[in-house]
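Kindly generate the complete structure, drawing on both the sequences and the hints.
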Amino acid sequence: MSSSESPSGFGVVLFRSVQGALGAERLLVAAGVAHKLIAVPRHLSSSCGFCVRFAWGDRERIERLLPGDRLGVEGIVGL
Amino acid sequence: MIYLDNAATSWPKPDSVPAAMERFLREHGANPGRSGHALSIQAGRVVYDARERVARLLGHGDPLSVVFTKNATEALNLALQGLLQPGDQVITSTMEHNSVLRPLRFLEGRGVEVSRLPCGADGSLDPADVARSISTRTRLVVLSHASNVVGTLCPIAEIGRLTADREILFCVDAAQSAGAVPIDMASLGVDLLAFTGHKSLYGPQGTGGLCIGERAKGRLRPLLHGGTGSASDADVQPEFLPDCFEAGTLNAVGLAGLAAGLEFVEGRGLGAIRAHAATLTARLLDGLRGIPRVRVLGTGEAARQTAVVSFNLDGWSCSEVAQALEERAGVCCRAGLHCAPLAHRQLGTFPEGAVRFSLGLFNTETEIATALGALRELAVRPKGDLS
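In order, the protein sequences belong to chains B and F.
Mind the numbering: the first sequence is residues 1 to 79 in the working numbering, read in order.
Mind the numbering: the second sequence is residues 1001 to 1387 in the working numbering, read in order.
Certain hints may be false.
Quick list of the computed label-pair ranges, beta carbon to beta carbon [stated by the list, open to error]:
#, chain 1, residue 1, chain 2, residue 2, range
1, F, Gln1205, B, Leu79, 21 to 29 Å
2, B, Pro41, F, Arg1268, 40 to 48 Å
3, F, Arg1221, B, Arg26, 27 to 35 Å
4, B, Gly78, F, Ser1187, 42 to 50 Å
5, F, His1225, B, His43, 26 to 34 Å
Here are some chain B residues the structure puts well away from chain F; computed CB gaps all over 12 Å [to be verified]:
#, residue
6, Arg16
7, Ala31
8, Cys48
9, Arg59
Note that these hints are calculated values from the structure, not bench results.
All C-beta atoms, glycine included, are put in the ideal place defined by N, C-alpha and C.
As structure tokens, then:
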């Protein structure tokens, strides 16, 4: 799942599991990338937990930083 | 009171362990991974911190393939029952705990061939015996890293080299060694490593887990199916780690304590921990050798074992000795078969068993001297005189 537009200026990284989101948080904190863990928007995923919200302008940096396979990234979506 | 039963569970715990558990319950004791609110996120961070610390301490690269269970027994059952199929051969040893022996006996009744290799009189396993037992049907080698009866260390690096080049997985029961002996899962060629949190990792009871290496990924069936907080639109178990093996709410308060225990172990350093254990073990072995009618089991060499020493006093049953030591000197130790019947057969102490002293980081040389003194007083009495 991915999108190239973000009317709100924010995007989210979706994960198979919250464990992946927590692993991503560690990497983003270490890299100094602003982000917030938020509840998964219901229209985007059936997971019960949380995902990573970030400023859409950081999208490329986040894609480089997060190992998608290991963290189980399901998609990066503009909000 | 002198607590010498650390191989059953370590006690006392560092103060930071109960403090972390209380903090978890009071401040953020929500369900980790089930909701998106602040308390659930913080609970998830606590669990993830425990995963990272386990992975780092055990030389396992990927925190997401650390699966938490309630103890090492459950982790071993996941490895054994999750992998082995009728027609497979599994190689193990006679020094194993019932946490390995019993699931294997169960699987044997379902068509798995179990090769139980005898060990030496000191509890040591010869890797050449493992090599000779490998067949085209060998699926798994499962061995304890350190005996829970005599502490003898298994040469897992050599055995890991035997399995690494073959289509054979290597599972290590590290219940007695994780936190006591340096372990680097990747370089040792270990594919599955079962650990418990409440012994040398100084966490609370009810914590443990299985580290799943690259070669083992995708090869285990889950023991439990149920809610994981992920893929909630599907009524089948997810296939990704760690969720596939963590159905149901985790023991998050226990894992908060485990993380604190791991931090304590990291802070002390495994080198210093091992040195302390070796010093006390050598002191204990020397003292036991100087007491008449005491027969020490195992290697008799601190460098070849963990801080677990078993012995018998000729003329008394092991339970009489343990009872007398507690009454006279407040020594808490464990007598009997230690859930390892084949090991005691191997050591020549079945069915009577033995007295086991198992030491921890909080034991001192003074305590060892006191326990030895109490045993010496018993040994000079006429046989059977416990008055």
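Going down the list of hints, with the structure as the test:
1. Gln1205/F to Leu79/B: 21 to 29 Å: violated (44 Å)
2. Pro41/B to Arg1268/F: 40 to 48 Å: Roughly 45 Å apart at Cβ, these two residues keep to the hinted range, so it holds.
3. Arg1221/F to Arg26/B: 27 to 35 Å: For Arg1221/F and Arg26/B the Cβ distance comes to about 30 Å; the hint holds.
4. Gly78/B to Ser1187/F: 42 to 50 Å: Cβ of Gly78/B to Cβ of Ser1187/F: about 43 Å, so the range 42 to 50 Å holds.
5. His1225/F to His43/B: 26 to 34 Å: At roughly 28 Å between Cβ atoms, His43/B and His1225/F fall inside 26 to 34 Å, so the hint holds.
6. Arg16: Violated, since 5 Å does not exceed 12 Å.
7. Ala31: holds (17 Å)
8. Cys48: Since the minimum Cβ distance to chain F is about 4 Å, Cys48/B lies within 12 Å and the statement is violated.
9. Arg59: holds (21 Å)
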